[in-house]
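Protein chains in written order, with the numbering used here: chain A, 1 to 260; chain B, 1 to 397.
Don't read these hints as lab results, they were simulated from the structure.
Certain hints may be false.
The calculated BS3-like cross-link candidates involving lysine-lysine, where the alpha carbons are at most 30 Å apart (straight line), are [as the list claims (entries may be wrong)]:
(1) A:LYS154 x A:LYS81
(2) A:LYS160 x B:LYS103
(3) A:LYS154 x B:LYS153
(4) A:LYS154 x B:LYS200
(5) A:LYS199 x A:LYS84
(6) A:LYS81 x A:LYS199
(7) A:LYS199 x A:LYS105
(8) B:LYS200 x A:LYS160
(9) B:LYS153 x A:LYS239
(10) B:LYS395 x B:LYS103
(11) A:LYS239 x A:LYS199
(12) A:LYS160 x A:LYS81
(13) A:LYS239 x A:LYS84
(14) B:LYS200 x A:LYS105
(15) A:LYS192 x A:LYS105
(16) A:LYS84 x A:LYS154
(17) A:LYS154 x A:LYS199
(18) B:LYS395 x B:LYS200
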Amino acid sequence: MLHRYFSFGPLASLSWAVLLAAALGAGCAQKTVEPSTGSFALEIDPVVGLDDLVLNTATYTKADGQTFTVSKFKFLLSGLKLTKGDGTSYAVPDGYYLVDAADDKTFHIVIDQVPLGDYTGLSFLLGVDDAHNNGTFVSGALNHNNDLYWDWSKEYVFLKMAGSSAQAPAGRSLTFDIGGAGVVRTVTPAFKGLTLPVKMGHVPEIHMYAHVEGLFNSATPANNINFATTYSVESGDPKALTVADNYAANMFTVEHIHAN
Amino acid sequence: MLLSYDGTDVLNICTLTFAPDTSVRQSSGVMKSTLTLLGAGLLLSLTSCTHDADTVDPDGPVVAPTAYTLEVPSYFPTLPAMPADNPLTNEGVALGRQLFYEKALSVTNTVACASCHRQELAFTDGLAHAQGVNGGTTPRSSMSLANLAWEPKLTWDGSALGLENQARIPIENPVEMHQSLSAGVARLQATSTYPALFRKAFGSSTITEANTLKALAQFERTLISSNSRYDQYQRGNRTALSSYELQGLLLFATHPNGKQRGGNCADCHSGDLQTNHTFSNNGLDATFTDLGLGAVTGLATDNGKFRVPSLRNVALTAPYMHDGRFTTLEDVVSHYNEHVALNSPNLDPLIANATNDPLQRSRTLDLTATEKAQIVAFLRTLTDTTFTKDPRFSKPN
């Protein structure tokens, strides 16, 4: 069960240049981009309020006045779906994406082979669909080595937030590891009347914010997270459902769309 | 030959336009192989080829090195890309192995990399503090070497990005090998053997610092450990671990929440390589004598954080922690269970919040003596004697 990894001699770049030239020069008809599809990009910036998230060193205040810091903030997205004004939609197949506040390379996601058209809405899952939640993957966002997998229950952790709060009990930190049965949520951030124009020769971009405080704030006062009593939420904790409801409603906002 | 072409596994480029030609792999000259490729209908790279200065080398034409095939277990994470300017080659790896055991890289000709990274101890030295030249000792313990191709940051404090950068540190450190790499290179150049080995690996018999570091990095990337009993279990051999060890694995993997009991280990030592590749303060001290990551970043919020090491072969790598303070695995588990310095700045949040107390009030982990022993039993299944006896990694003749 070994797969082989090939590496190349010092002339590798030369060789690849030659191969590339071969591909281009020979026309490579089967790789021609289908004229009926295009691409779009998602830029997802972790923030608190209006500020870019700064890990470890910045202290933030949530709606009820409790304060917190963030040492870890990462989550999985899947099941992206674009909708048009006429009610039709396009579901992105097999797309699983990891966003990690510690790695800004993960903030930018490009999705290809999208049917051309003007889209007026977006939805996605925060987490992993049930069909793949017990999957075995060694690469990509669902790689078990991405620090978002519970080995004991064979499930993905959909979102991890860690940090500190002066309001947590003495000596306790903030650890929110959200996942498990019934926790996956569909997120439909408001498009605010904007349009995503997918067309040939352009890569329009949806610029979204991922608000850390969205985990803790709710329009329903009983669902606000009080760090004095709720500072550690792990697998199987009923509070995971509350946090998931909160972030589904409050975490993502569409800031603007670049037509590019 | 320079090219091992394996179709779409490597690069999804229009395979129809270039049929893999096994004769390319066998051809011996740069020009010949390039012409073979040109024969496939290409004109792009002729000028690059003619820049090969070694075609006028008085020792005759340079033979390009051959690609090294690294075998990676299917359940391991995908291998990160190699540095574009340092692909693995058989000649480079063989040279790196030679250099790893080469004492001429130390000022006194007495210490090699292998002095503190002994294969039979999973490339550690059995000491709390490594011993360098002239009786010097390091403040930190030698790290085990295995599966380093997956590690983005090396050393206990993450100060080295990539193995090429890491290799210079112990060579030049006054309490380790204490010799500038340029002086080491001059020594290698003066030998009767190394110029030819460098020429085979890198195309030039003029030895450089960069090529010395590249060769060492290549050898280290081949140090894959994947045949412990735990690996055999991961590959599907359900009898590779005893039920007692499996209890330990379950505890190792589980974060306790008051209902499920757990040892809280895999919160950081996660995945098949037993590391999440981060830096963490695991509560050794309330005040720090060694700032770890904080000394590198200058951030107070990083003080006391050290690399989360892989636990491969951990039963062979005593003593433990960055300063070697714990002699046994039992000591280590007892630390996490009942001796964490709870007032330590920047203590890992998941350590601060982990307890098996059903009411979640206890400040300590509260494992039973049996549970602690089960975790230790599991840790011992991570020993890979295939790795520690692999002749490809031993001192070359």
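Consistency of the hints with the structure:
1. A:LYS154 x A:LYS81: Given pair LYS154 of chain A, LYS81 of chain A holds - Cα atoms ~26 Å apart, limit 30 Å.
2. A:LYS160 x B:LYS103: Measuring from Cα to Cα gives roughly 47 Å; hence the hint is violated.
3. A:LYS154 x B:LYS153: Holds - the C-alpha atoms of LYS153 of chain B and LYS154 of chain A are around 28 Å apart, at most 30 Å.
4. A:LYS154 x B:LYS200: With a Cα-Cα distance of about 47 Å, the restraint between LYS154 of chain A and LYS200 of chain B is violated, given a limit of 30 Å.
5. A:LYS199 x A:LYS84: Since the Cα atoms of LYS199 of chain A and LYS84 of chain A sit roughly 14 Å apart, the hinted pair holds (cutoff 30 Å).
6. A:LYS81 x A:LYS199: At roughly 17 Å apart (the allowed maximum being 30 Å), LYS199 of chain A and LYS81 of chain A satisfy the hint.
7. A:LYS199 x A:LYS105: holds (25 Å)
8. B:LYS200 x A:LYS160: Not satisfied, since the Cα-Cα distance of roughly 49 Å exceeds 30 Å.
9. B:LYS153 x A:LYS239: violated (36 Å)
10. B:LYS395 x B:LYS103: holds (12 Å)
11. A:LYS239 x A:LYS199: violated (43 Å)
12. A:LYS160 x A:LYS81: holds (24 Å)
13. A:LYS239 x A:LYS84: violated (35 Å)
14. B:LYS200 x A:LYS105: violated (37 Å)
15. A:LYS192 x A:LYS105: It holds: about 27 Å lies between the C-alpha atoms, which stays within 30 Å.
16. A:LYS84 x A:LYS154: Violated, at roughly 37 Å.
17. A:LYS154 x A:LYS199: violated (40 Å)
18. B:LYS395 x B:LYS200: holds (20 Å)
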